[in-house]
Amino acid sequence: MRELVTLQVGSFANFVGSHFWNFQDELNGLAEDPYADPVFKNQSLNMDVLYRSGETHQGTLTYTPRLVSVDLQGSLGSMSSRGTLYDEGSSASSNILTWGGNFSTHAAEPHKKNLFLQSLYGEEQENSLTFENGVTGGENPRTEIHDRDKVESLENGVQYWTDFSKVEYHPQSLYELSGLWVDPQKFDNYGIGRESLSGGLQVEEISERLRFFVEECDHIQGFQFIVDDSGGFSPLAVDVLESIADEYTNVPVLLYAVRGPGSSVDPRSQKQRVSRKLHDAVSFSRLSSLCKLIVPVGLPSLSRSKASTFLCVNDEKLYHCSAAYAATLHSLSLPFRMEPLGPTADSSYASGAVTVNEVVQILSGQARQNMVAILDAAMPAPSLTGNEVEQTLLRHLQPLTPEIAKDIEDLQSVESISVHGALGPGGQRASVSEVKDMVHAAYEHATTRPMFCHLSVVQCPLPIPLPFPSIFGNRVGQHGELLSTPIIDSPSRGSLDVHSIPMAARLRSSSAVLPFLENRLGSLRSFGIARGAPGAELVRSWGFAKDELEDMGEVLSKMITTLDPRSQMSSDSD
Numbered sequence: 001m002r003e004l005v006t007l008q009v010g011s012f013a014n015f016v017g018s019h020f021w022n023f024q025d026e027l028n029g030l031a032e033d034p035y036a037d038p039v040f041k042n043q044s045l046n047m048d049v050l051y052r053s054g055e056t057h058q059g060t061l062t063y064t065p066r067l068v069s070v071d072l073q074g075s076l077g078s079m080s081s082r083g084t085l086y087d088e089g090s091s092a093s094s095n096i097l098t099w100g101g102n103f104s105t106h107a108a109e110p111h112k113k114n115l116f117l118q119s120l121y122g123e124e125q126e127n128s129l130t131f132e133n134g135v136t137g138g139e140n141p142r143t144e145i146h147d148r149d150k151v152e153s154l155e156n157g158v159q160y161w162t163d164f165s166k167v168e169y170h171p172q173s174l175y176e177l178s179g180l181w182v183d184p185q186k187f188d189n190y191g192i193g194r195e196s197l198s199g200g201l202q203v204e205e206i207s208e209r210l211r212f213f214v215e216e217c218d219h220i221q222g223f224q225f226i227v228d229d230s231g232g233f234s235p236l237a238v239d240v241l242e243s244i245a246d247e248y249t250n251v252p253v254l255l256y257a258v259r260g261p262g263s264s265v266d267p268r269s270q271k272q273r274v275s276r277k278l279h280d281a282v283s284f285s286r287l288s289s290l291c292k293l294i295v296p297v298g299l300p301s302l303s304r305s306k307a308s309t310f311l312c313v314n315d316e317k318l319y320h321c322s323a324a325y326a327a328t329l330h331s332l333s334l335p336f337r338m339e340p341l342g343p344t345a346d347s348s349y350a351s352g353a354v355t356v357n358e359v360v361q362i363l364s365g366q367a368r369q370n371m372v373a374i375l376d377a378a379m380p381a382p383s384l385t386g387n388e389v390e391q392t393l394l395r396h397l398q399p400l401t402p403e404i405a406k407d408i409e410d411l412q413s414v415e416s417i418s419v420h421g422a423l424g425p426g427g428q429r430a431s432v433s434e435v436k437d438m439v440h441a442a443y444e445h446a447t448t449r450p451m452f453c454h455l456s457v458v459q460c461p462l463p464i465p466l467p468f469p470s471i472f473g474n475r476v477g478q479h480g481e482l483l484s485t486p487i488i489d490s491p492s493r494g495s496l497d498v499h500s501i502p503m504a505a506r507l508r509s510s511s512a513v514l515p516f517l518e519n520r521l522g523s524l525r526s527f528g529i530a531r532g533a534p535g536a537e538l539v540r541s542w543g544f545a546k547d548e549l550e551d552m553g554e555v556l557s558k559m560i561t562t563l564d565p566r567s568q569m570s571s572d573s574d
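Note that my numbering numbers the sequence shown so that position 296 is 296, with each residue one more than the last.
None of these hints come from the bench; they were simulated from the model. A few of these clues could be false.
Stated by the list, open to error - The list that follows gives simulated cross-link-like pairs (lysine-lysine, DSSO-like), each with its CA atoms no further than 27 Å apart: (1) K558 - K292; (2) K317 - K186; (3) K317 - K166; (4) K112 - K317; (5) K406 - K558; (6) K113 - K317; (7) K166 - K41; (8) K406 - K306; (9) K306 - K166.
Claimed, not checked - If you anchor each label on the Cβ, the simulated ranges turn out as follows: (10) K306 - Q366: 24 to 32 Å; (11) E195 - E316: 24 to 32 Å; (12) P486 - E215: 47 to 55 Å; (13) P340 - T447: 18 to 26 Å; (14) K186 - T561: 50 to 58 Å; (15) Y63 - K186: 45 to 53 Å.
All C-beta atoms, glycine included, are put in the ideal place defined by N, C-alpha and C.
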């Protein structure tokens with residue numbers, strides 16, 4: 001067994017994670033559904049890599065994510081921090097033992113469950129009994145209407161990441177930062193996060209929950225760490241990463257630094273702009289120093305990017321953007337849980353199994369040792385048909401990492417690609433060997449090609465669960481095929497229209513990430529280190545001395561030099 005332990009820290013990270021676990025839950029359900037597509041029954045995927053088996057005190061068997069999720073107090077909406085499987089009540093006692101005087105209790109109204117959650121937990125509204133009787137033959141119209149109502153309630157009413165979660169969580173999984181009453185809108189920089197969390201026991205408590213999951217593992221292969229690094233959660237993530245480095249020295253961390261579009265809105269004042277630039281530089285510097293591979297994820301406008309060519313995303317909805325990023329992270333995680341085969345064995349369902357450490361070595365263990373990877377996605381991936389089919393896939397892979405250079409020829413680049421659920425002629429599922437042949441041919445005919453590329457292929461597509469948002473464009477068919485003619489009067493399509501899609505995702509180590517690094521080094525020097533820097537006092541209030549900033553600048557400079565030894569940026573003086 002090669003278990004993965006997942007951490008999600010911060011609001012947007014948990015939105016992404018909620019979708020990610022919905023995909024896994026859907027796969028688990030389809031594998032047991034006798035009427036589901038057989039491709040979901042022969043996945044060649046070991047879900048135990050991500051999940052743990054357990055049992056409640058009542059003897060009920062459970063199967064829950066090996067996950068620690070961290071967010072602000074009050075971020076769970078209608079869900080209890082104990083989850084729903086273990087009905088043990090609150091762990092906090094209502095008895096006050098140290099105070100003999102009068103006291104009063106103020107309890108907030110519980111967050112009302114939406115239609116989706118009411119249905120999920122067996123709650124029925126009085127008017128849901130309509131059409132209960134008298135339906136004969138064919139599909140049950142009540143079910144269809146009810147599903148559409150649920151989908152509509154999510155499209156218009158998601159406030160918390162738990163609003164669309166259909167997953168059962170272990171009591172150790174959901175951690176709220178108790179006692180931290182902070183306006184999420186103001187919890188927006190490294191200093192605020194560091195000040196709010198100073199002196200608390202949060203890191204110790206989170207580490208204890210993490211230890212619970214790690215100690216169950218037979219052979220942990222790594223940590224999948226998703227952090228919302230756009231604000232105050234960054235210093236908490238840094239502290240947790242330091243704890244992991246101390247306690248699990250040889251266990252690699254694959255870190256996804258995710259951001260919603262709102263974090264890219266231009267600040268109104270110069271002071272806010274300086275704070276934002278310094279936060280980005282400090283956050284990236286600290287986080288990247290504590291992991292084996294860091295992947296920045298989150299475009300300023302996903303809806304206007306080439307990655308959304310066949311999508312219909314509303315940038316203002318975290319529910320929308322997080323779904324696209326989660327689908328890509330799901331694709332990247334598939335090789336980590338493929339059943340490993342012998343050197344001469346072959347599977348008709350999957351190929352290219354790797355561990356987290358092997359992916360780290362592929363991307364950052366080569367001659368250049370660059371540990372900042374770019375994430376690309378094709379959602380949905382194109383079918384293996386038509387003219388120039390080999391080039392189609394490479395053209396469809398578009399970046400989800402911000403601030404990178406386009407059309408860069410890098411002879412030392414290395415890549416790891418995951419393709420799953422690809423469609424062949426006639427809309428039939430392409431075989432693993434057909435996909436491998438197509439991808440290899442694509443690189444043979446490409447004008448620029450990487451020095452090395454690892455390919456993982458799975459025949460199982462991405463299943464679209466009911467609570468997935470309506471973000472597909474009107475050229476996406478029921479199984480993710482790209483239609484030649486748009487569907488009239490349907491600008492966007494969701495889970496009732498699209499049941500699964502083929503996906504392709506790629507991690508690449510390339511000099512195209514240089515602008516991202518140079519921007520952070522430039523901000524650190526201009527706003528924090530240079531003589532008379534406008535942010536010098538601000539960053540000092542965050543707890544960083546000038547020599548610490550200079551050390552960060554030196555590390556960023558080395559990252560740039562690793563990718564471009566001739567870079568003037570890396571050698572610029574203060």
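Verification of the supplied hints:
{"no.": "1", "hint": "K558 - K292", "verdict": "holds, 16 Å"}
{"no.": "2", "hint": "K317 - K186", "verdict": "holds, 19 Å"}
{"no.": "3", "hint": "K317 - K166", "verdict": "holds, 19 Å"}
{"no.": "4", "hint": "K112 - K317", "verdict": "holds, 20 Å"}
{"no.": "5", "hint": "K406 - K558", "verdict": "holds, 22 Å"}
{"no.": "6", "hint": "K113 - K317", "verdict": "holds, 19 Å"}
{"no.": "7", "hint": "K166 - K41", "verdict": "holds, 21 Å"}
{"no.": "8", "hint": "K406 - K306", "verdict": "holds, 12 Å"}
{"no.": "9", "hint": "K306 - K166", "verdict": "violated, 30 Å"}
{"no.": "10", "hint": "K306 - Q366: 24 to 32 Å", "verdict": "holds, 28 Å"}
{"no.": "11", "hint": "E195 - E316: 24 to 32 Å", "verdict": "holds, 29 Å"}
{"no.": "12", "hint": "P486 - E215: 47 to 55 Å", "verdict": "holds, 53 Å"}
{"no.": "13", "hint": "P340 - T447: 18 to 26 Å", "verdict": "violated, 35 Å"}
{"no.": "14", "hint": "K186 - T561: 50 to 58 Å", "verdict": "violated, 37 Å"}
{"no.": "15", "hint": "Y63 - K186: 45 to 53 Å", "verdict": "violated, 39 Å"}
In summary, the numbered hints that this structure violates are 9, 13, 14, 15.
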